[in-house]
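So the sequence shown is residues 3 to 141, counted in the working numbering.
FYI, nobody ran anything at the bench for these hints, they're computed from the structure.
Keep in mind that the hints are not guaranteed to be accurate.
[Stated by the list, open to error] Within a straight-line C-alpha distance of at most 20 Å, the following computed SDA-like cross-link-like pairs (lysine to any residue) qualify: (1) K58 - S138; (2) K130 - V41; (3) K61 - E38; (4) K58 - V41; (5) K130 - I76; (6) K61 - I25; (7) K12 - G63; (8) K98 - G63; (9) K58 - K112; (10) K12 - V41; (11) K72 - E38; (12) K72 - K115; (13) K98 - V41; (14) K130 - W75; (15) K112 - Y123; (16) K115 - N103; (17) K99 - Y125; (18) K58 - C129; (19) K98 - C129; (20) K12 - W75; (21) K61 - E79; (22) K137 - A80; (23) K130 - A140; (24) K99 - H59.
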Amino acid sequence: IREGYSMFGKIENNNLIYSPNPIINDGKRIYNPSNELLVELGYKPINYAEYPQDDKHYKQGYEETSDSIKVIWIDDEAEYWASIPYEEAVFNEIRKKYDVNAELAILRQKEEKPEEYAEYYAYCEQCKTYVKEKKSIAL
3 IREGYSMFGK IENNNLIYSP NPIINDGKRI YNPSNELLVE LGYKPINYAE YPQDDKHYKQ
63 GYEETSDSIK VIWIDDEAEY WASIPYEEAV FNEIRKKYDV NAELAILRQK EEKPEEYAEY
123 YAYCEQCKTY VKEKKSIAL
């Protein structure tokens with residue numbers, strides 16, 4: 003167990019439950035419980051795997067040993083594309099390049115900056131095509 007503050011938790015019904023603060027032990031309310039007390043009460047130190055740096059979608063999973071819990075990232079690509087509504091997926095893809103303010107500015111200046119609008123429009127069409135492809139593969 004590391005010195006100082008660490009995150010501790012338990013796995014219950016495949017969910018990570020973080021240790022509470024304060025914690026109740028023998029009818030006493032204990033603020034900032036020691037690592038040793040948390041271990042005694044069945045909590046384990048939590049370590050986190052680095053989130054993958056690609057464009058896939060992942061869900062959180064856990065690897066539990068006798069003395070620790072590791073948060074891992076599980077490929078969730080097929081489930082993500084199968085479950086997300088088409089419009090929401092397109093919106094999310096557009097937001098990767100254009101936030102709401104940028105999008106409104108482009109739409110407002112459509113006549114004044116037709117090249118910028120054409121680039122935006124083409125990107126939106128690419129996003130729609132990309133989402134349709136991803137959703138068709140996931141089905």
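Which numbered hints fail
Checked against the structure, the hints that fail are numbers 2, 3, 4, 5, 6, 8, 9, 12, 13 and 14, while the rest are satisfied.
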